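*Asks:* Assemble chain E onto chain H, guided by the hints.
2 protein chains.
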Amino acid sequence: MNIGIDMGGTSAKVALVNDRNRIVDVTSVPTGLKSSPPELAKRLAAAVKKLAGRHVRRIGVGVAGDIDSHHGIVRISPNLGWKRVPLKMLLQRATGNSVAVENDANVAAWGIYKTETPSSVKSLIAITLGTGVGGGIVIDGQLHRGATGSAGEIGHMVLDPKGRLCNCGMRGCLETCAGGTHLSAIACEALKKGAKSRLQKIYKANPQAITPKVLTEAARAGDRLAQSLWENAGRALGRAVGDLIYVINPERIVFTGGVAQAGSLLFKPLQLELSRRPFKTPIRVVSIAVAKNPAHIGVLGAALL
Amino acid sequence: MNIGIDMGGTSAKVALVNDRNRIVDVTSVPTGLKSSPPELAKRLAAAVKKLAGRHVRRIGVGVAGDIDSHHGIVRISPNLGWKRVPLKMLLQRATGNSVAVENDANVAAWGIYKTETPSSVKSLIAITLGTGVGGGIVIDGQLHRGATGSAGEIGHMVLDPKGRLCNCGMRGCLETCAGGTHLSAIACEALKKGAKSRLQKIYKANPQAITPKVLTEAARAGDRLAQSLWENAGRALGRAVGDLIYVINPERIVFTGGVAQAGSLLFKPLQLELSRRPFKTPIRVVSIAVAKNPAHIGVLGAALL
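Top to bottom, those sequences are chains H and E.
Mapped onto our numbering, the consecutive letters of the first sequence carry residue numbers 1 to 305.
Mapped onto our numbering, the consecutive letters of the second sequence carry residue numbers 1 to 305.
Just to be clear, a hint being listed does not mean it is correct.
Heads up, the list lumps identical chains together, so a pair's fine if it works in one copy or across two of them.
Unchecked claim - List of simulated lysine-lysine pairs, DSS-like, C-alpha gap at most 25 Å: (1) Lys42 x Lys122; (2) Lys196 x Lys268; (3) Lys162 x Lys204; (4) Lys268 x Lys213.
Keep in mind that the hints were calculated from the coordinates and are not lab data.
Keep in mind that this is a model prediction, so the values were computed, not measured.
Excised from the complex, chain H in its bound form:
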């Protein structure tokens, strides 16, 4: 039995995973900016003990941010408000188990690779479309971490230097075109300007209700504003994916995260962009899919690190 931990900004999901890669039991631990890392490590250790008693082999943790997975140090995690936290050491001390710490997008890629991918496939790129956009890369059956564990930072590829301002400070990152927060903001800006849309009513009642899910429903119901928004997001994503295919030439690309649930609204324009690329060999070979088990891929991937 292994433990997978998916550290979020408000809570950590802790799952007990058996040797068949099935989740046996799951619990959650509050995180938040107020808890110190050693305190949180103790709370996590208590949750692990409650879940599994002494039958734990390994603990894997996925954390959003800049992670030194080699030393198990969280260099920066804006969600948790952490800088230079030796999470691996803290958790090993608190639990007595061996611990691996990894960037959450890498964890998702590893989970998808180990639990949803035919064993004949040796390379994939997993793209997490959540509030932001992340990526993880598997090459030759190994997680490609890069020189500093920073590889796969797909969301901040610059698609348009004159584009929208990204949280990172640059303009026109992929995340500003296909991240959930930006998609909502783009829609709200258009609605504020009076764009004709069935979303106006929802927007006027509560702008925060303009979520990617609501945008998906509106587009499926025929709303033009929502449709053109997904069209633009899919095309931008298609451009970035086209570049990634040219550079990495993977066998598979798998999307996960809430925004990926828009399905064909996003993937039809994406495929159209890909079909325009003239070098067909790498485009034809790649299969594009959506993760089957997005809700649990974080803890599963972490447990399998």
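*Replies:* Relative to chain H, chain E alone:
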């Protein structure tokens, strides 16, 4: 002793390389669109025999184009006018030696990795700035070929969908911003429109004399047109390199090819672009260099395949 062959559109360079990775002897064989692949294989075999007698272990060949290195098949090589040529088989039959065939940019990356890179470095991206722009990637000390041997197609990353028309049919590929042919064309277009520049005289005498080398000399001598051209090329290259660093997180990036000889004209704006990137961890770790032995890296890399 190994043989390295660098197949160009007009001639193939054939080199005998010793076990210390030094070129012992070199010759050339005409290629061109008129010779059939079996004929050319025979001519290459004769050159190999003349160079080395029977003392050859392996032959490696670098070919520009879409190469199936697994089977040693040239899928498409526009330079040679080839489609689906089983070059490995033809050369093995003609020489009796074991033969490896690889894309020329991959060969350059391998040559740089094996002959110019400290053994502590395990990952690099080699970017060939010639008439076009190519790339080769080494990860964990291995050439990263990708699912179909197409990886590293850096020159056709799309930087601006509304940009210059590329030979490939897309617009705004990196190659249209930093490839030699396009740099010359951009300069000629400005000169045709009457741009104030010391290059006007050369252009009026012979537009084909506006080469990247001439543009480098003009910029170094203070010509504003040439300087702004290199500035733009360097910034575009910096954007693409920034994306590559975020995605692959390599230890080293090495430039080779004629256009790379522009030196700081190109690399100063490139570094400026990189310094703007907010995620410092992968940017700080990467060292950027120019190949020391660009003239021979093709045959050296091929001999070491």
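*Asks:* For every hint, state whether the structure bears it out.
*Replies:* Right, here's what the structure says about each hint:
1. Taking CA atoms no more than 25 Å apart as the test, Lys42 paired with Lys122 passes in neither setting, with 37 Å inside one copy and 38 Å between copies.
2. Within a single copy, Lys196 and Lys268 get their C-alpha atoms as close as 24 Å, which meets the 25 Å cut-off; across copies the closest is 48 Å, which misses it.
3. When the C-alpha separation of Lys162 and Lys204 is checked against a cutoff of 25 Å, the pair qualifies neither within a copy, at 30 Å, nor between copies, at 36 Å.
4. In this assembly of identical chains, Lys268 and Lys213 lie within 25 Å of each other by CA distance solely inside one copy; the values are 18 Å within and 45 Å between copies.
Violated hints for the displayed structure, listed by number in ascending order: 1 and 3.
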